[in-house]
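The sequence shown begins at 1 in the UniProt record's numbering and counts up one residue at a time.
Each hint should be verified, as a subset may be incorrect.
Stated by the list, open to error - Here are the simulated distance ranges between beta carbons:
#, residue 1, residue 2, range
1, Asp-100, Val-175, 26 to 32 Å
2, Ala-193, Ile-88, 43 to 49 Å
3, Gly-59, His-89, 46 to 52 Å
4, Pro-206, Leu-146, 24 to 30 Å
Rather than coming from a laboratory, the hints here were simulated on the basis of the structure. Note that the structure is predicted; figures quoted are calculated from it, not measured. Backbone N, C-alpha and C define an ideal beta-carbon position, used for all residues, glycine too.
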Amino acid sequence: MTRLIRVADSGSGLYDGIIGFARATPGWFQGLGELYTEVGLLLFGVFFLVAWWRARATGRVRAVTRALLAPVVTVGAYVSSELLKLVIHEDRPCRGLPVDAIIAECPEIGDWSFPSNHSAIAGAAAVGLAVAWRRVLPWVVAIALLMAFSRVFVGVHYPHDVLVGLLFGAGVALVSIKALEKRAFSLVGKLGARRDFVGRLLFAVPPVGEEPTRRLPRQRDLGRPGDRGAIDGPTLREPRQGGGR
């Protein structure tokens, strides 16, 4: 069983405990942690491509639109998190610690810590992919959480950096999809209908636009049978009793 070692005192007990745990793990495990924290985000790139490829084969405009929006909102989350860093200026937790306190190299001065860009990207990508391709939700959430943990594991972020980064990225993605989807749907549909190079790139088959859902009339809208204006067909006269002349 791995023994926790307190290797530094950054002022955050949770951070110190995690980097102590990282230092106590075997070298090969530390190497995996460093590798994943550097290239793990590329997994989302693979999911983006597969989600779009699946969507274009269906010809459904909404499916293609959502698949294309996923990487767009992810870039938006990254840019937004970078702007926050320029305002908040929180130094890295590894700054001032011994060189061997963490398993990665501490970023340069001026490379701020809050929020975590990697975590913001992961949170946004997970939300975008979940909207575009619901079945991958467990996988992309796991990738995002592991990415966030890896940033603390290698020692370059506080736990609150990655937690806020995840939530911030997810929030930016949700708001952006809500704001952009309608216009993006119209644009993607028009581009696909042209059937030129761009249209054939977006859609493997001619695009099919989904009709908006129509609200079914309620009973009180229809009225009672016999009411003036009721939507239930013409009202028939009842025959007179006794048969008139």
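These are the hints, each one checked on the structure:
1. Asp-100 to Val-175: 26 to 32 Å: violated (42 Å)
2. Ala-193 to Ile-88: 43 to 49 Å: Because 45 Å falls inside the window, the suggested range holds.
3. Gly-59 to His-89: 46 to 52 Å: holds (49 Å)
4. Pro-206 to Leu-146: 24 to 30 Å: violated (40 Å)
Checked against the numbered hints above, the structure breaks hints 1, 4 and satisfies the rest.
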